[in-house]
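Novice: Here is what each chain is made of, one letter per residue.
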Amino acid sequence: MRSILNVALNDLRVIFRERASIILNLVIIPLVISFAAGGANSSMGSGGDTAVPDLIIDVIDASASAESAAFLDVVRSANENVLLCPLDNTADNLCVLPEGVTTVDETLAGTRLEDQTSLALILIPQDFSETLNAGTARVVYRSNEDASAPGYLLSAVEAAAQQIGGAVEARTIGLQVADDIEFLTFADEADRAAFGDQVYTRAAEIWATNPITVNATAGELVLESAAFNGFSQSFPGIATMYAMFAVFPVMVALIDERRYWTLQRLAMMPIRRSEILGGKLLARFLMGMIQYAIVFAVGLVIGVPLGNQPLATVLIMVSFVFCVTALALMVSTFVKSSQQASGISLFLSLTLAPLGGSWWPLDIVPSWMRMIGHVSPVAWAMDGYSKIIFSNGTLVDVLPMIGVLLGMGAVFFVIGVSRFKFE
Amino acid sequence: MTTSTTMVEVRGLAKQFKAANGTPFFAVKDVDLDIRKGEIYSLLGPNGAGKTTTISMIGGLIAPTRGDAKIGGYSITKQPLDAKRLLGVVPQEIALYPTLTARQNLEFFGRMYGMSGAALKSRVDEVLEFIDLTDKQNERVDKFSGGMKRRVNIGIGLLHKPQLMYMDEPTVGIDPQNRRRILDTVLRMRDEFGMTVLYTSHLMEEVQEISDRVGIMDHGEIMAIGTVGELIQKIGEEDMLIFRVGTQSVSSVQLERLKTVEGVTSVTYEQTAKAANGEGNGSLPIDGRVVARAKRGRQALPDLIGLANADGIEIQSVEVREPDLEAVFLSLTGRALRD
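Quick mapping for you: the protein sequence lines, in order, are chains A and B.
For the first sequence, counting from 1, position 372 maps to 363 in our numbering; every step adds exactly one.
Every number in our numbering is 13 more than the matching position in the second sequence, counting from 1.
Bound-form chain B, shown alone (with noise of 0.2 Å):
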């Protein structure tokens, strides 16, 4: 139910398209979601697993098969236009004319918002200002670099003072310089405009840092909804530590001795290939490594360095990992982000 509170309240959305052999199948199943006035939102999920498909039904770009998605109290169904002057959109793709000049663009998507004369000069003074390409407006925009493009990518979304910005991995292929810019920009808009934003991203770092809350998503459905730390706390909060060990193998008897160590729940051997050197001796070299799970995990660890020594096992390097987005999204679909 729609509150005073909620900006965006989803309902049993789902979108089902037709695979390239005819057979449909559902890219988004039955997502419900609701996201508050003046928090970031941020869908996390790898490629493919359905954000943008969700949020081009919530943003009014595809009809969605069944359910609705509500902005401000407007369904984007049945009341598209109302809905549609709440949303700012800042698309994934770099969605700006070329061979126009960055003021141009913004100008003509100002027009296109229901701004004209003087008060779109002045708007569109003011979001250059704020993207920081005032002295570039006069450029044309094939001329710019990634990052730039990217900022009037988001300035045009920015024009007519939305309530909720819909920002669809807005930091894909640029330098990192640029996209500390670009995360600093999407806390200005909550920090500043009080603006709720919905934001997309496969990097689990980002979404991490900026997100209020976060909805992990994977196979067109939500597995999780919460803060970063409400989700690390569904697995637990416990470090992983990784012995890389090499070609060795290692017995069920060693992992179970090495699980005696007091702090730890869990101790497994697993064995990848390693890519192929080139040399054609026909067989690829085995990389395995012990994973154990410990609650203190740098505690636990000279404990487990000792006891592997001694019993033979030689460790070639050791990683502690803390508890993070990546390892809930392992945990929750037993595959990593970039899979």
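Next up, chain A with everything else stripped away, as it sits in the complex (with noise of 0.2 Å):
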């Protein structure tokens, strides 16, 4: 293990003796990059300057009760641009509806989806109000099969059902309570009724302003996607990024030491080679890991919202950062030059950065594109910092990820360590 860190530590000593590109490519650019990319990625889900919204969302309201208004409500604050047509159509006919048309139904709706005028649909079915009360309401929500609505947009939508649905639960178990107390009475069914929708308003109001109990979780949620802004993906992303750039060098490493020859002066002397090896992929998965730290810390610190799972948030970086050092270590194997590893490193972080999600939300992709980005490491580690910051996920809901991380570092590793040669 003492050898492990001698091996790391001098590794690191040597990164850390180009001081100036240290901080360039550590700090600056990293930085400077995600808020660019944040920049980019806010207008992308607002409009830029335009006052046009993206998010237009057709509704059928098929209930046009009480309750399904007060469900279009929640999922209306989720995103100041989220525009539900054609109820909140304006003058100049933000909704792009056809000339003459005031309604949606399902075929036009289906149409606008289609073509990719509308991201998703909300339908309504009649008997909301009465299955609400009965607590099996059901609302269709339908998304654009080839450009997706953004996955915070179903989250916001769950959420509203969650906050309505709970609103009413709320109110039948006040009631059922009222009746159980003898002394209480009503005095007829409206002023029973009446009660009822007290309680079912005041339910509503605790779940959207209260953060801590279990109902205040899907009101949080609905809060958070609304202060969803492009810094939320572009920090994580461009870490995520970077922090390949900051392990893939490990290759040239591994390379030139052969060159040099340090690598076989090393494997002659009284250590381990597993340790040699060891502590040169430690020194490059810590360059990881201290990327990731920057960026996060940095974006912490102003303010972007980064999702409150600490624990998550670092096995992500640990399982991801852990899975690239072994790709990396893999790949090294397979190439003969320090010139031929550098290519293939800025290949590699410069492919499965933007196709696992780095640079933009995979949700803004086809479906078969989000398939292909699977592949890359990116996506999961991606997947996994959406879950916390824009569905307020926690370590279970992320254990796949990583789980999905650790065992393809796991076989990179394993491929990696046994083609490797020191001489």
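Accuracy of the hints is not assured; some may be wrong.
Here are the simulated lysine-lysine pairs, DSBU-like style, with alpha carbons at most 30 Å apart [what the hints assert, rightly or not]:
#1 A/K327 - B/K156
#2 A/K412 - B/K149
#3 B/K156 - B/K174
#4 B/K31 - A/K412
Simulated from the structure, these hints should not be mistaken for lab results.
Since the model is a prediction, treat every value here as computed from it, not as a measurement.
Got two chains here, each in a separate frame; can you build the complex from them with the hints?
Specialist: Okay, here's the thing in structure tokens:
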């Protein structure tokens, strides 16, 4: 273990000898790009400087009830640029409805989804109000297959459903309690309904404002979705890409050390080869973690919403950096020169990052592209961060992503170690 | 069999590689050798003879295809860490971290040998003094001259006071002054510290100067082992007298007459094409030479010159070569060390 640390510390010393390039590559460039990409992503979500909202959601409200209206209010509050159509259409037809059309039916909604005029359709059935009271309400949410609505919209709809459903549940429970109290009687059915409505309104208020209770979790989600900005995407995304930039040079380093013969010299010393390789990989693993720490720390200091699950976030970082370190080791066993390694390192970083959603959310790419993107470890890491940041995910929610990253890393590591040669 | 005086024992050591076309070949073929404690043992051979592969197996860098080597009684294949503890390594390459200082390089490798704290600092100071780089210890190695880098390279091998020092062509690519300094260092290792040195070189002169015993290697095999004197005796201690005769041809009759001079054992005529002079006349000029071997060459020289002149052979220059390892190698392999 001591030898591993000695090798790792020596490698870090070698890396940090080039202070100017370290400050540039580890601090300045990743942060500048995070800010630039964050600004661009924010514009992508809000329509930039134009007044045209991007988030057109068609609504077919067959219920037309107070409950459905309340439900839609919650959805509306998810993001200032959500435009529920045709309900919120403007004089200059921001809903882009055909001329003379003021309502949307399923056929028109289907066409608008298909031609990507709208991002999603919310269909509220006629019996929404009744089924809501019975606890069996259903809302249909349909997104565009080719250019799906951002995932946080679905989360917002789910949160709204929970909020409304929760308030209705509160009313039902309130009425049951009132019925069970013998001395509390209602003058008539209207009086009983008015009591129920009061309970409902109060429950909905509490739900929307109280951030602590379980009910408030949904409220918080809506709030955070509203607070979503491009920096919540760009900081984890660019940090992930630059973590690869920090780790992948291990390929060049291993080849150079073989060329300089320092690797062979170490192999002829009374230490195990696994300790030498372990030290080399540990140094680069730490570089990846340092990169993550810098970008996330700056993000948190300036108030970028990065979720409130530090343990889950750190575990995603650890598993991702392990995965790409193992990938670098494996690839280094296939390349012959440091020039090749340098080229492949750049190619891998610049391919895996956008493919995996480092530059933009995978929510905005076609589903087939999203599927291909998950070949990249970046996609699994970004899924984890998105879950934590945009959906209030917990450690349990991101365990599958961590598992995939560790699994991929284990495969790369075994191949890399079995192929690695010191001489 | 390992004895108390044996530092290295190599038996049947062989290494097979694959050529670029996939054909397997043996770079080292069943080498046996014993190196005694406190001696400088040199492996001499041209580039590609198998010297580096042999010592890389002895040093535990590459695994032998078959056979084994023992250092101080420890098998390099079965007890590699014990064997490596006795070994100091000076590779042919400058195996240093170029952006670190001389001191930082020494300290890192010292830590890898298990040293730490005040003991490490003190040992690094000693080694810096030994390699005469105390005043340059805090300068980056990539700013050093080739000779200074070589000295740091040697210093790292000395850090843990090894019993056996492995030195692979340590004078490659450096100026004569630094080369002299390195050869003196090798001699001091043996004389002052009692170290055993396993030295490889393709330079006959330095091997001849520093070695207690020499193993001559070619095509992956040890051709002969002995002291320099013993090896020279094997070819009979004959001097070689070389008469350059330019483009003249010399007949066998003339050669037979030269052979009659007292002490001369053989006379041959060789022709080699001179390098093209660039005038492009189609044929290359011939450089002819008559080579006579004699027990006491300098005594036979006047008679040989007189007889040649009388016989019409115009001698352009004369060279007398006393027996050396070059001649031994030529005699054993039929080709020169530098071929």
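Novice: Hint by hint, say whether it matches the structure.
Specialist: Do the hints match the structure? See the list:
The hinted pair formed by A/K327 and B/K156 meets the criterion: a straight-line CA distance of about 28 Å does not exceed 30 Å. With a C-alpha separation of about 34 Å, the suggested pair A/K412 and B/K149 falls outside the 30 Å cut-off, and the hint is violated. Restraint check for B/K156 and B/K174: satisfied, since their Cα atoms lie roughly 27 Å apart, inside the 30 Å limit. Proposed proximity of B/K31 and A/K412 is supported: the alpha carbons are some 16 Å apart, at most 30 Å.
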